[in-house]
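There are 2 protein chains.
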Amino acid sequence: MALIEDLRAAVGAAQVLTGTDMARHARDWLGKYQGAPVAVVRPGSTAEVAACVRVAAAHGVPVVPVGGNTGLVGGTMTTGGVMVSLERMNRIRAVKCDARLVVAEAGVILSRLHDAAEAEGLYFPLWFGARGSAMLGGVLSTNAGGSNVLRYGSTRGLCLGLEVVLADGRVLDLMGELHKDNSGYDLKQMFIGAEGTLGIITAAVMKLVPLPRAHATATLAARSVPDALVLLNRMQEATGGRVEAFEFMPRSYSERLREARPDLGLAFDHMPEVTILIEAATTVPAEAEPDATGEVPLVALLERVLAGMLEEGLVTDAVIARSEQQRRAMWARREAAAELCLGLGPIVDTDVCLPLDRVEAFLVQVLARLEALDPGARSLTVAHLGDGNLHFTVFPTGDDAVLKDRVLELVEDAVEELGGSFSAEHGVGLSKLPSMARRKDPVALEVMRAVKRALDPEGRMNPGKVIPA
Amino acid sequence: MALIEDLRAAVGAAQVLTGTDMARHARDWLGKYQGAPVAVVRPGSTAEVAACVRVAAAHGVPVVPVGGNTGLVGGTMTTGGVMVSLERMNRIRAVKCDARLVVAEAGVILSRLHDAAEAEGLYFPLWFGARGSAMLGGVLSTNAGGSNVLRYGSTRGLCLGLEVVLADGRVLDLMGELHKDNSGYDLKQMFIGAEGTLGIITAAVMKLVPLPRAHATATLAARSVPDALVLLNRMQEATGGRVEAFEFMPRSYSERLREARPDLGLAFDHMPEVTILIEAATTVPAEAEPDATGEVPLVALLERVLAGMLEEGLVTDAVIARSEQQRRAMWARREAAAELCLGLGPIVDTDVCLPLDRVEAFLVQVLARLEALDPGARSLTVAHLGDGNLHFTVFPTGDDAVLKDRVLELVEDAVEELGGSFSAEHGVGLSKLPSMARRKDPVALEVMRAVKRALDPEGRMNPGKVIPA
Numbered sequence: 001m002a003l004i005e006d007l008r009a010a011v012g013a014a015q016v017l018t019g020t021d022m023a024r025h026a027r028d029w030l031g032k033y034q035g036a037p038v039a040v041v042r043p044g045s046t047a048e049v050a051a052c053v054r055v056a057a058a059h060g061v062p063v064v065p066v067g068g069n070t071g072l073v074g075g076t077m078t079t080g081g082v083m084v085s086l087e088r089m090n091r092i093r094a095v096k097c098d099a100r101l102v103v104a105e106a107g108v109i110l111s112r113l114h115d116a117a118e119a120e121g122l123y124f125p126l127w128f129g130a131r132g133s134a135m136l137g138g139v140l141s142t143n144a145g146g147s148n149v150l151r152y153g154s155t156r157g158l159c160l161g162l163e164v165v166l167a168d169g170r171v172l173d174l175m176g177e178l179h180k181d182n183s184g185y186d187l188k189q190m191f192i193g194a195e196g197t198l199g200i201i202t203a204a205v206m207k208l209v210p211l212p213r214a215h216a217t218a219t220l221a222a223r224s225v226p227d228a229l230v231l232l233n234r235m236q237e238a239t240g241g242r243v244e245a246f247e248f249m250p251r252s253y254s255e256r257l258r259e260a261r262p263d264l265g266l267a268f269d270h271m272p273e274v275t276i277l278i279e280a281a282t283t284v285p286a287e288a289e290p291d292a293t294g295e296v297p298l299v300a301l302l303e304r305v306l307a308g309m310l311e312e313g314l315v316t317d318a319v320i321a322r323s324e325q326q327r328r329a330m331w332a333r334r335e336a337a338a339e340l341c342l343g344l345g346p347i348v349d350t351d352v353c354l355p356l357d358r359v360e361a362f363l364v365q366v367l368a369r370l371e372a373l374d375p376g377a378r379s380l381t382v383a384h385l386g387d388g389n390l391h392f393t394v395f396p397t398g399d400d401a402v403l404k405d406r407v408l409e410l411v412e413d414a415v416e417e418l419g420g421s422f423s424a425e426h427g428v429g430l431s432k433l434p435s436m437a438r439r440k441d442p443v444a445l446e447v448m449r450a451v452k453r454a455l456d457p458e459g460r461m462n463p464g465k466v467i468p469a
Numbered sequence: 001m002a003l004i005e006d007l008r009a010a011v012g013a014a015q016v017l018t019g020t021d022m023a024r025h026a027r028d029w030l031g032k033y034q035g036a037p038v039a040v041v042r043p044g045s046t047a048e049v050a051a052c053v054r055v056a057a058a059h060g061v062p063v064v065p066v067g068g069n070t071g072l073v074g075g076t077m078t079t080g081g082v083m084v085s086l087e088r089m090n091r092i093r094a095v096k097c098d099a100r101l102v103v104a105e106a107g108v109i110l111s112r113l114h115d116a117a118e119a120e121g122l123y124f125p126l127w128f129g130a131r132g133s134a135m136l137g138g139v140l141s142t143n144a145g146g147s148n149v150l151r152y153g154s155t156r157g158l159c160l161g162l163e164v165v166l167a168d169g170r171v172l173d174l175m176g177e178l179h180k181d182n183s184g185y186d187l188k189q190m191f192i193g194a195e196g197t198l199g200i201i202t203a204a205v206m207k208l209v210p211l212p213r214a215h216a217t218a219t220l221a222a223r224s225v226p227d228a229l230v231l232l233n234r235m236q237e238a239t240g241g242r243v244e245a246f247e248f249m250p251r252s253y254s255e256r257l258r259e260a261r262p263d264l265g266l267a268f269d270h271m272p273e274v275t276i277l278i279e280a281a282t283t284v285p286a287e288a289e290p291d292a293t294g295e296v297p298l299v300a301l302l303e304r305v306l307a308g309m310l311e312e313g314l315v316t317d318a319v320i321a322r323s324e325q326q327r328r329a330m331w332a333r334r335e336a337a338a339e340l341c342l343g344l345g346p347i348v349d350t351d352v353c354l355p356l357d358r359v360e361a362f363l364v365q366v367l368a369r370l371e372a373l374d375p376g377a378r379s380l381t382v383a384h385l386g387d388g389n390l391h392f393t394v395f396p397t398g399d400d401a402v403l404k405d406r407v408l409e410l411v412e413d414a415v416e417e418l419g420g421s422f423s424a425e426h427g428v429g430l431s432k433l434p435s436m437a438r439r440k441d442p443v444a445l446e447v448m449r450a451v452k453r454a455l456d457p458e459g460r461m462n463p464g465k466v467i468p469a
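Sequences listed follow chains A and B, in order.
In case it helps, UniProt numbering puts the first sequence at residues 1 to 469.
In case it helps, UniProt numbering puts the second sequence at residues 1 to 469.
Isolated chain A (complex conformation):
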């Protein structure tokens, strides 16, 4: 086949996978999507990515980039396209300590960025469960969020520069390292969150921040979400914005955790309505170094705020992490979320964002409506509450498409009524195309199509994703 021969000429025969060798890339890790690429190519440089894209263009074949394959929305699936795996583009080109930035290729796994930064006393503040396999190109392409967005922003806000291979194989070099650069349109913004539909991200310049000297981490029980949010506000005021994570696990989550991962334990003997994991962090020596009593001042501060809330009845129980081991145990219970969804049968997963003061109303409404629609359905919620970002997952009683779609509509109706978004941090891919068609402003969809046509006139860059037909 001429296409395969040309790809082999572009990257070397060993880096063109076909047949069963493609199995690992062709299927998403949750097993929800099964693609059928014509080949998986593994270029080792930006020039090789460009060469592959030109070969695909010459043959009129779609091009679909893939990184760590940890996506949740089917964003890398293709039938008949060439998959470009960035996994060999895994060089960290530079860590610049004074400028607090890292220059890295798209195939660098997040945890390697964490390690490289930490070795220099710095921190790469993008943090979520899949950090051991997710790659830089993928988190940029989906504008990934995670647990620390509250403090440091989403991927978009961490990106200073970008290198992109365009649909015709031209290389767009936007690898600036400056904090102010208004030299024309800020083109990198178009490719961040575009899921490979406008070009393939091959490298980026990402901000680093000072490595925290101390964390203050606690798990606490509350009766309601509004009660819990009082804690967020008080800690933000007391620390001047040093809260890094504020994660919410309702009773249904704790029950499922006990059922599926009894080895991880639970924070409390009882089963509270609301469990919160809060973490603050500081880079200030005076806040991080133990005082005369041996207490870390930031931890003592969290303790005082929690004590006040316990007294007022806003918090009903609380445990403070006294060691890194205890801190890790608290996070393990939160990061088991993805696993907890496995093995519960048919699934409708959502990734919604709400104004913080509407989260409680959302949960009440959606659970009542779900009970009316499908009485036996289970649900599982876990949330980056500090951002208003909920992963509300439903396990309906049947696997038929009509029921699943009605469940999805039910959730999204409630989100829309409360001023939220149906898509927060996982991307659109294939899974949210119907939602885009139903919920997104029609003018916005028209403008997206115009941008897509301008940058990818032949419609070969990850076709069929993000923008509904």
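No lab work stands behind these hints, which were simulated from the structure alone.
As the structure is a computational prediction, the values presented were derived from the model and not from experiment.
No copy is singled out in the list; a pair is fine if it fits within one copy or between any two copies.
Think about it this way: if two alpha-carbon atoms lie no more than 16 Å apart in a straight line, the pair counts; the simulated EDC-like pairs of lysine to aspartate or glutamate are:
(1) K207 with E177
(2) K96 with E177
(3) K32 with D349
(4) K96 with E118
(5) K96 with D357
(6) K207 with D98
(7) K96 with E120
(8) K440 with D413
(9) K440 with E177
(10) K440 with D186
(11) K440 with D173
(12) K207 with D115
(13) K440 with E409
(14) K440 with E417
(15) K32 with E339
With the hints as your guide, set chain B onto chain A.
Below, chain B without anything else, positioned relative to chain A:
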């Protein structure tokens, strides 16, 4: 004239200015540019802006938005186009305290946003000299920076949602209020910093932050920029990133200040090589409330850091603001910058950004080269040093275009050699078109043109700006 009649029908006869009534809008405030619009229209609503754009489209006439007319790059000049002044779209639609955001129209003056936020105990953290006249639509269209970017980011990072009238009069509603919303391409990013070339921004949702409870402000003298930068790093470490401004004024600036604004005084009796204005701020009660000795802890911290640097000889003199009046006096000397440039004859102004550790090298190189090129030329530098953003202004000995262009090239050569950008925070407009043509990556220019064609196929939205022909 049919065009004028149609515009009158769209917004009412009283809001269509022609002839001498347009003088205020047709000329930029520095008097560098003189336009000749066919009319200035003053729509009072988004629907009226859309109507004006449709009228202009029907007549095939360009459309150029204008706000406070405080721009520095000729971005609102037009000969033969319709100017759309947003000044009557000056409603603050909502200040949402819990969500910490403001919903405002494009014609709202920045200082009104400051006041509206402060009334609710919040702060709108975009701050620069022209805040009394610059309007929201203009700061978004230029992605304006200013003195607090170090702490809060540029305009782009403060924007949550946007409303835009497109080239054909459609209204694009992106007025989201969420911190996570990945529902397709983040289209608002395209219009921020596009200077009206892709559409007219009519309203926005902007983030607010907690109002600082206390400031610690000082003016200090140092021998060199690298010495001064040690202070920035030490204060950032000691406070965990609470430095809001770090402004640099070299000896030439102080000399010009004494000459042009003797009423403002100088911080020191002598004339130091490097004068720095540093300001930190805190929202934490424990850092803001005077202790037993009557000292504000944040101010005491700045004092201790400065004392250490005086002892080491890194700082040669320092004054701490002991009252709001003293603080304002320090800022008045910094914010006189624009005025100080007036009356010095022909001018070549620049707005460049450099990596922080290259600022000293830039100044040394560029002054030496300028001395060689045009020995009698004066220069005036003022800088948001914390961002690496320098306003380096040259007053050449002659007014001929060739000399001025050589001066500009000299500055931009040095910027390019040191990894900087020729455009930091003022925008491109007309003034930086030659620099865009000479310095910007050709592929990036091609992509900008493709985006422009996609959104404005007839090329009628602020034509001839930002992207060189």
